Amino acid sequence: NAGVTQTPKFQVLKTGQSMTLQCAQDMNHNSMYWYRQDPGMGLRLIYYSASEGTTDKGEVPNGYNVSRLNKREFSLRLESAAPSQTSVYFCASSGTPGQKNEQFFGPGTRLTVL
Amino acid sequence: AQKITQTQPGMFVQEKEAVTLDCTYDTSDPSYGLFWYKQPSSGEMIFLIYQGSYDQQNATEGRYSLNFQKARKSANLVISASQLGDSAMYFCAMREVGLWSSASKIIFGSGTRLSIRP
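If you read the sequences in order, they're chains X and V.
Note that this note's numbering has the first sequence beginning at 1, numbered continuously upward.
Note that this note's numbering has the second sequence beginning at 115, numbered continuously upward.
Certain hints may be false.
Stated by the list, open to error - Think about it this way: if two alpha-carbon atoms lie no more than 35 Å apart in a straight line, the pair counts; the simulated DSBU-like pairs of lysine-lysine are:
id, chain 1, residue 1, chain 2, residue 2
1, V, K130, X, K57
2, X, K9, V, K184
3, V, K117, V, K184
4, X, K9, V, K219
5, X, K71, V, K130
The hints are simulated quantities; they were obtained by calculation from the structure and are not laboratory data.
Computed from a prediction, not measured in an experiment: that's the story for all the values here.
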């Protein structure tokens with residue numbers, strides 16, 4: 001099992017460009033998440049999807065959109081990148097609400113916006 | 115509103131000593147779960163330990179234990195006999211698992227950087 005995979009691992013964008021970060025999990029988890037981690041900071045939740053077909057805003061959703069394409073895949077889109085979106089982006093997945101299943105994290109995408 | 119607070123930005127501990135990392139939380143939901151994660155300098159997130167709000171006993175996983183004080187809303191991580199490899203960022207996190215919600219949002223604290231001295 002690959003666990004949670006993210007592509008790309010690194011990306012440099014110019015201000016105003018758009019891009020989509022891809023995430024996939026092969027653990028048959030219901031819930032998936034996107035976080036950002038700024039240097040020296042904790043993880044802040046951008047969006048999450050409790051189950052296939054649903055998405056909800058987290059703590060810092062502005063400037064982002066998400067798509068839960070199917071149970072396996074959850075993508076994050078930046079429509080018009082800004083320097084403030086320079087960060088490391090983590091995707092995570094977990095099992096069923098009410099259970100103790102921990103989140104499994106992908107390796108992260110390091111994004112720089114110039 | 116759901117909130118996690120870690121008040122120790124950084125800590126230095128001598129090798130082989132025990133260390134306690136503080137975490138307090140705030141939630142109005144009676145059913146929730148608390149997690150601790152380790153993030154070494156390589157950047158990956160490593161799950162350490164979990165405590166459910168209705169669990170009767172404090173969770174333990176090897177050298178890690180969770181000192182859960184529900185009335186004080188605290189969930190401190192205790193690492194016994196610290197090792198050089200324990201040097202990392204440590205994050206406390208919480209999931210609300212409300213009866214009427216299918217959402218399983220998990221939020222994180224700001225973290226504590228632990229440095230182990232030889």
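Evaluation of the provided hints:
no.	hint	verdict
1	V:K130 to X:K57	43 Å, violated
2	X:K9 to V:K184	40 Å, violated
3	V:K117 to V:K184	15 Å, holds
4	X:K9 to V:K219	25 Å, holds
5	X:K71 to V:K130	44 Å, violated
In summary, the structure is inconsistent with hints 1, 2, 5 from the numbered list given earlier, while agreeing with the others.
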